[in-house]
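There are 2 protein chains.
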Amino acid sequence: MDPLYVIKIGGNIIDDDLKLSSFLQAFTHIKGPRILVHGGGKMATRLAESMGIKQQMIEGRRVTDAGTLKIVTMVYAGYINKNIVAQLQSYGCNAIGLSGADGNLIKSRKRGSNVPAGIKPSDYGFVGDVETVNDGLLKSLLSSDHCIVVAPISHDGNGLLLNTNADTIAMEIAVAMIRHFDVSLIYCFEKEGVLMDASDEGSIIPQIDTAYFEELKMKGVVTDGMLPKMQNAFSAINAGVSHVSIGHADNIKLIIDNKSGTNILA
Amino acid sequence: MDPLYVIKIGGNIIDDDLKLSSFLQAFTHIKGPRILVHGGGKMATRLAESMGIKQQMIEGRRVTDAGTLKIVTMVYAGYINKNIVAQLQSYGCNAIGLSGADGNLIKSRKRGSNVPAGIKPSDYGFVGDVETVNDGLLKSLLSSDHCIVVAPISHDGNGLLLNTNADTIAMEIAVAMIRHFDVSLIYCFEKEGVLMDASDEGSIIPQIDTAYFEELKMKGVVTDGMLPKMQNAFSAINAGVSHVSIGHADNIKLIIDNKSGTNILA
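Same order as they appear, the protein sequences are chains A and B.
Take the first sequence: its letters are residues 1 to 266, numbered as in this note's numbering.
Take the second sequence: its letters are residues 1001 to 1266, numbered as in this note's numbering.
No wet-lab data here; the hints were simulated from the structure.
For glycine and all other residues, C-beta sits at the position ideal for the given N, C-alpha and C.
Honestly, I wouldn't trust all of these hints.
Per label pair, the in silico range of CB-to-CB distance [as the list claims (entries may be wrong)]:
# : chain 1 : residue 1 : chain 2 : residue 2 : range
1 : A       : Tyr212    : B       : Asp1016   : 54 to 60 Å
2 : A       : Asp16     : B       : Gln1207   : 43 to 49 Å
3 : B       : Gln1231   : A       : Asp182    : 32 to 38 Å
4 : B       : Asp1016   : A       : Lys54     : 42 to 48 Å
5 : A       : His29     : B       : Gln1207   : 19 to 25 Å
6 : B       : Glu1049   : A       : Tyr212    : 51 to 57 Å
7 : B       : Arg1062   : A       : Lys54     : 29 to 35 Å
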């Protein structure tokens, strides 16, 4: 099967015009079918502040209330997605930007909407857990030489847009595409990979398998934000994605060739 | 050739949730290929106000400065476009939302960027005049049973997004598609059609041809906002669009059947 690269870039790259443009040029030079999933960055938070919308926190978790959903829809599916697409077009990459609502690309269920009767659901707000990915639409657009840029907004099929984690979307897309392609999933962020010592960029762990991951969790090496990202990485490799790596956005080509970043093994 | 309906809805419908949802249901029931072009509505202005961004006016014309471009990109290509798409999906219409940057759908030139040397260009800001429409992309998406929802944002091919008049985009798309379809272009807004007396919704003019349009302009019947809309309508009919009408968003089916609104004739 032909290779497909599903690449996710995080907020820190999006917030930095120079880093973003350098990444997008490197992305353009990757050969063959590719899908870019982008996160949010700080613009949504800044916009909420400038509009006087307070970020509601429940037990340390940010809640996507109606005002926040409006903002992330505008910023993720509007500003960030379209600016990335316009920039890729200027580099000669025929990008097309989609949210999960477009062509029913990502259907999700509002979190907490399926708790058993009698149990009080936590109020997660307008957050969606992915149910289906429209792999046929992606395959069709890729076969007409488009590269696809996905914003982390899904829909529930009943007219509701939902905020959805970009790492999870990248994983779900990668897994949905294994029936059509030999899929690589690359998580790009501002660090060199999974680090043994968070303060030392030289302490990259080159490979992590399931057993070692358990050890790293127990030792407290993998914590906080890295935990869900790595769980997504393992979900992908266990579901049949051929190559899963986590590394620095500057090194996308090296990561693809397994010469940089942390490689996730089953 | 198969019929294609290119339908434009204006801001007054977008600003009213009930009117919009009723229009989108009627739109869903139109048979065959269709493209919806939407305008902006008041949300962009309200958002600018809440962010303290002042609308800059030069000679009575609103200028799309960098801050305004950011806002219209967020509101038009993000919030409005994705909410319309999600709503259409919930009605069973397989909508896909695009800006002019996506798949190089609408390439434009920044207004004032091509004035001869020695002449000081007026500062129009980030406004684009349409150069090309990617009819092949539209045809391909329509042939896979998508309906397309277009936001009035174009790009210059060099990474710049540009604010572009939605009436003009609808006209340019309609004209670009005449090589593939028998095209109807319908401008929907909050009035019954072109009115002889703006204060009397019963005074619809059922048909206007070029000669009568000149007469109506001279008499001051057609003024202000109606003038560019009608100029777009005549550009379309003169370029070979089969049917061009202007009417109320509530009457979309009747307008298609020429039983409501104002029909534009060459």
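A quick look at each hint next to the structure:
| no. | hint | result |
| --- | --- | --- |
| 1 | A:Tyr212 to B:Asp1016: 54 to 60 Å | holds, 57 Å |
| 2 | A:Asp16 to B:Gln1207: 43 to 49 Å | violated, 57 Å |
| 3 | B:Gln1231 to A:Asp182: 32 to 38 Å | violated, 53 Å |
| 4 | B:Asp1016 to A:Lys54: 42 to 48 Å | violated, 28 Å |
| 5 | A:His29 to B:Gln1207: 19 to 25 Å | violated, 56 Å |
| 6 | B:Glu1049 to A:Tyr212: 51 to 57 Å | holds, 54 Å |
| 7 | B:Arg1062 to A:Lys54: 29 to 35 Å | holds, 31 Å |
Checked against the numbered hints given earlier, the structure breaks hints 2, 3, 4 and 5 and satisfies all the rest.
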